[in-house]
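Novice: Below are the chains, spelled out letter by letter.
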Amino acid sequence: MRARTKRLWGVGAVAVVLIAAVALAAVALRQHADLFYTPGLIADKGLPDQGKRVRVGGWVQTGSLTYGDAADMTFLIEDSSGETVEVSYTGIAPDLFREGEGVVATGSFDTDGNFEAESILAKHDENYEPRELKRAGQPTS
Amino acid sequence: MIEAGHFAAFLALAFSAAQTGLGLRGARDASGLFAKLALLAMAFAFLTIVWAFVRSDFSVELVAAHSHTLKPLAYKIAGTWGNHEGSMALWCLVGIGFGAAGAYLLKTGKPVFEARALGVQGVLNFASLAYLLLASSPFTRLDPAPLQGSGLNPLLQDPALAIHPPMLYLGYVGYSFVFALAAAGLIEGKIDRDWAKTARPWALAAFVPLTFGIALGSYWAYYELGWGGWWFWDPVENASLMPWLIGAALMHSMIVTEKRGSFSAWTALLAVLAFCFSMLGAFLVRSGVLTSVHAFAVDPLRGSLLLGGLLVLGGSALLLFALRAPKLQGGPEWLATSREGALMGNNLVLTVATATVLLGTLFPLIAEAVGQTISVGEPYFNMTFTPIMALALIALPIVQAWSWGKADISSLWKWAAGFAGLVGVFWLAGIGPFDIPLLAGIGLALGLWLIFGAGQEIWRRAKTVDRLPKLPLRVWGMTFAHAGLGLFVMGAVLETSGRTQTTLALEPGQSAQVAGWTMTLDDVRSIEGPNWYADRAHLFAERDGTRTELRPQKRYYPAARMPTTETAIHKTGVSDLYVALGDGRRTAGGPTRWTFEVFVNPLIDIIYLGVLLIGLGAGLSMVDKRKKKAVTS
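The listed protein sequences correspond, in order, to chains A and B. Counting from 1, one number per residue, gives the positions in the first sequence under the numbering used here. Counting from 1, one number per residue, gives the positions in the second sequence under the numbering used here.
Next comes chain B alone, as it looks inside the complex (with noise of 0.2 Å):
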């Protein structure tokens, strides 16, 4: 079966060269009709690999290395993209199946267009399922079959992380065709009002299911790995936020292209860019040359030929970008102050603070390449990642009533005047009877604003209650989206600085206090699951009168000789009471001791209600049906 699975991939390549060659000629039926043959070939393809994993087909060399017969239904399933090559297939199908829905769902009545739209498509899939085919490949067979798999990674049997690979995969390779559709429109020489009005959905496409993806690993970590953070700057955590922050700023700037025509060969160089990333954060996880917590296993070969892809294919658009950008018309003229301006510092700003994670991600890739190894953490990216967003944060409830060309900023005073009062309001808080800290203070001020922000500018455009639900739905995913950001920021501010991290040694029957919390350890019982044991403890926590019991685990899975932290969560509404075990220490003829790390972590669901928001505002606005208004300069 997975013979018939390794020709339907070749197929698919086959089907891939066809695309291109008639996608780059012109033909749009033609390329068309084989990006969707290519779809079904990979799908069934991508299928085999799958059926292989269920049936616990261990002559199948991916299966026999990465799953187990004990392994659940649902992780079986998901544990075919969870390992190198089974995901380089995801993100081969995924590919090829955005070229499939642009060939099926473009209609800009521009066929020469749409058809080098599928070429450029139509090089990228072939790329990928070359890398696939001859580098690694998920279709070889182990002769004699083992009797039994040897992967059982018990932090993959979970599942937030099974979906987390989809997700990702939807967002890094949905902007392939955000970057077909640039390379389209830069072949052609017109990145207009028409171009973004077409590629704008396909951005948003890519940008929702990225929002999720990143909120769903970051939120695995946070219960899973018993560190009590939710966000580490581990390079692949960066690797997945620069085509994010890139991907924001392509929207915003692509709204801009489609409104008044200007800022063609920004959103050009973003839409090209924002896929360079996704390519380039490939390269960083899977090819070992940055150490990372969550490192897969690595083959500096691999690491190669996808260095190589990203810098051939990132490099031609590049090139072509630097060709045709001066070929590209303007629209009208803008003032700094109007909401060209502001959209074109937040372009800046955006992609500024991209390249300082670039650096820090980078650098220590740098200074080893001059016999020095370090690595570069979180203070560095709080020293500038963070005043770069704040800026922007700051900036965005003042500018976003501004209008086209050239703006009204006689109230911009009042609105300064509002942001240092709030600020103030939180500083003396902090010198009065809350003890926030000032850092605290100005983040939750932030936050606010950018909540009231949202809601006064909703308010401006329905002026009266009964337009608000006539008001088109991009205007409500705005609405969310900047709300969503505004509690993100608050609960990422507040969780930081707030967070307490106590370590407890106790023996059974003993208590400590920790935050206001008492923490009793009753026991630690000796459990078993299907195909693990465990330790569990029974902690008992009180405060004012609320009393929970927490039950964290150290568990051993045998099969994959791995020890696992099951974090005991007990939410609280406001904060979450958070604990992990750790070893028991024998005393010498008495008791066992246990040790327990206690976090207590403010609002953090705050901060994935946030995330939740911006992914919701982005999918409202990619569901709008646009109507072309004129330009009115």
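Okay, chain A solo, but in the shape it has when bound (with noise of 0.2 Å):
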């Protein structure tokens, strides 16, 4: 084979190569790319699909942590527009999960607008708190 059509060959095997990755990778993230979502977001615009894998923050609100007969709990989670949401949760929940304290849910809606999380994540230190909890606002009272 000439050098220039062997060349060809290289370039266009490369350029399918990676034109597979990016397709892929496209695909992957637009299926996976799990949205964030507030008490206050969902008051405005309404709930994600029901099923779809979304995360959700704000902070415990005091008081509303109650536990099941099992390993489950529910909790609201409140932002500064004072709407909220329920979570319910199996499993232990962080070390640092505590009423009155900030905290991003992942898992998906049911239809009755509650939020089954299948994992939680609350601050781990003192000094931590996640960027997306900054920008929801804490709850004044």
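Simulated from the structure, these hints should not be mistaken for lab results. Among the clues, some could well be false.
[Claimed, not checked] Here chain A is said to cover these stretches of chain B; the calculated rule only asks that three of the stretch's residues, wherever they fall, bring their Cβ under 8 Å from a Cβ of chain A: (1) 210-220; (2) 351-358; (3) 376-385.
Built from N, CA and C at the ideal position, the CB exists for glycine as well.
With the hints as a guide, bring both chains together as one complex.
Specialist: Okay, here's the thing in structure tokens:
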């Protein structure tokens, strides 16, 4: 094969690989980029699709944490807008999870507008606050 | 004492400047001298910080913020680098150390080249020292000095986490010297067999500690955090993975350049990119732009300075590359089906894989710039990174026997048939008695395929048993590394697909069934340690006649006002039974009900054994004394 033809084949092969990779990444991002909601945002814009994996962040409303009979619990997340989202979670809570503290929950909404969390991220030390919560705004009460 | 250290650091800055000026002018011995002087100065400066921690000198602001008299001595010392400023000081020390090592060890017979490498290293060291002294100084005093320190983050009082930063930095910053060698080669216009022979041990010297550093971080997260996993595709983890992937591509590309003189442009580019990714990692982790479970306390100003440094240093190097790459010589011709072709494919796959990780890590930032708040988690990476890497791994045993220039591919169909057969066996096992999910079956097949391939290749080279010990160390290194990769893949896939996670709520005396184990809660006691108090559960786990006690704890450190989870792990040899203790919930008028998260993690040790072998293999390759053979085209 002539050198030039060979180089064209080489460039072609690399281009195919690159395009395939970009396409794959684009599809993956489309499907798996999880949106972030706050209670205020949901009150404004409505619930996301039922079953779609999203994150919800805010502050655990003091007095809202209740335990079930097994290892389940429910609590309300609130933000500066005054709106709340009900979250249910089965599992052990992260170390700094407390009423009045910030939390980001990952999971999905059911048809009743309740959020079923697969995982909860709370602060992990005294100084750290997730950026998204800073923008959401802590409730003033 | 700390002021003496502060002064010494400024001396190191001056020496680095001298090293740079003299080096770029070609004065090998003079720049080498200043490199060694810079090391002496910086080592002293660093030791004064360590000394301040050891003596709990709370008049030093860094010590007051990050230490406490109650800390055990080992963790006081490790506290030096367990914070932003101290770890930047460590970064500088390692960079200067590599420069001095280069000054001592480089013997290429080309003094101008060596001087230039030292000069570029001097630039990098100067930049990091300037950042340290002007924006992140560990040397500041507090007046009046507090009586007690406020830094007692219990998460940092752990052996794995104490060694993790030095290991990682030997890796990240080690690539700075490879970057310097590449820049010197580009200035000269020569990235050839001699260059690669010189540079490859340095690239390996960075790769080995980086591998161990990542493994240590992962293992720590596994046993400490109580989440049952060993990799979370968290931005900080990704920041360490990206230079590792580029480093892996670099190592292999260098082999081609060393043996054949080909891939000059790719090797030079990868050498520059490896350190660029190290710098990018430092920026991502310290600037606060990304939400992470490992985030350090953040400061946007420091972040912008780091970003600026990355853009200037990385940008200049890439510009140098763009200008000089066309002048680089190539090696002899090669077909697509040849060792060169296979390793070019390897370069491509690893680079594309790195790009997908980069995209997933940065996408939240990009989205934020257009007003959307999103996060990218594990599903994205599983969908992109895993299949791309799988392609390379499937090809590996098939192509590793290919010769330079042109390979004999007549037996290719045998290999393809072999792999298909192996997958078929595991698929059958999946629909048969073993109940392995299809994905796990493929992973297991891939792991065994790689191990078999590694064994097959070393046997092909030795041909007889008594020739085995006579093979060069680098062949053994390759064998261990690829076999380790196979073990890793096997462990990773089986663990991820076979892991079970169950939440239990037990009152004392109650039992529950989890994955074949009967878990019984005996009781939960309050205990105390030197600087903490805890609830400790006494759980009995029984299965098939084996009975073991697990004692997970939930600890509280009053000085740090922080709770931590102390997991209880029982190793059965095949899997880990892993228990984390949650809260106790008082039932109305009755006993307390305690929650537990119970994981069964199959083959988790195989994952770490595999990574250990990869590091060991790279280490063997590094100490091999290479003889240069003529190129046969």
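Novice: Taking beta carbons only, do three or more residues of the segment 351-358 of chain B come closer than 8 Å to chain A?
Specialist: holds (count 3)
Novice: According to a criterion of three or more residues whose C-beta lies within less than 8 Å of a C-beta of chain A, is the segment 376-385 of chain B covered?
Specialist: That given contact holds, which follows from 6 residues of the segment 376-385 of chain B lying within Cβ reach (below 8 Å) of chain A.
Novice: Check, residue by residue, whether the segment 210-220 of chain B contains three or more positions whose beta-carbon lies closer than 8 Å to a beta-carbon of chain A, and give the verdict.
Specialist: violated (count 0)
In this structure, the one hint that does not hold is number 1.
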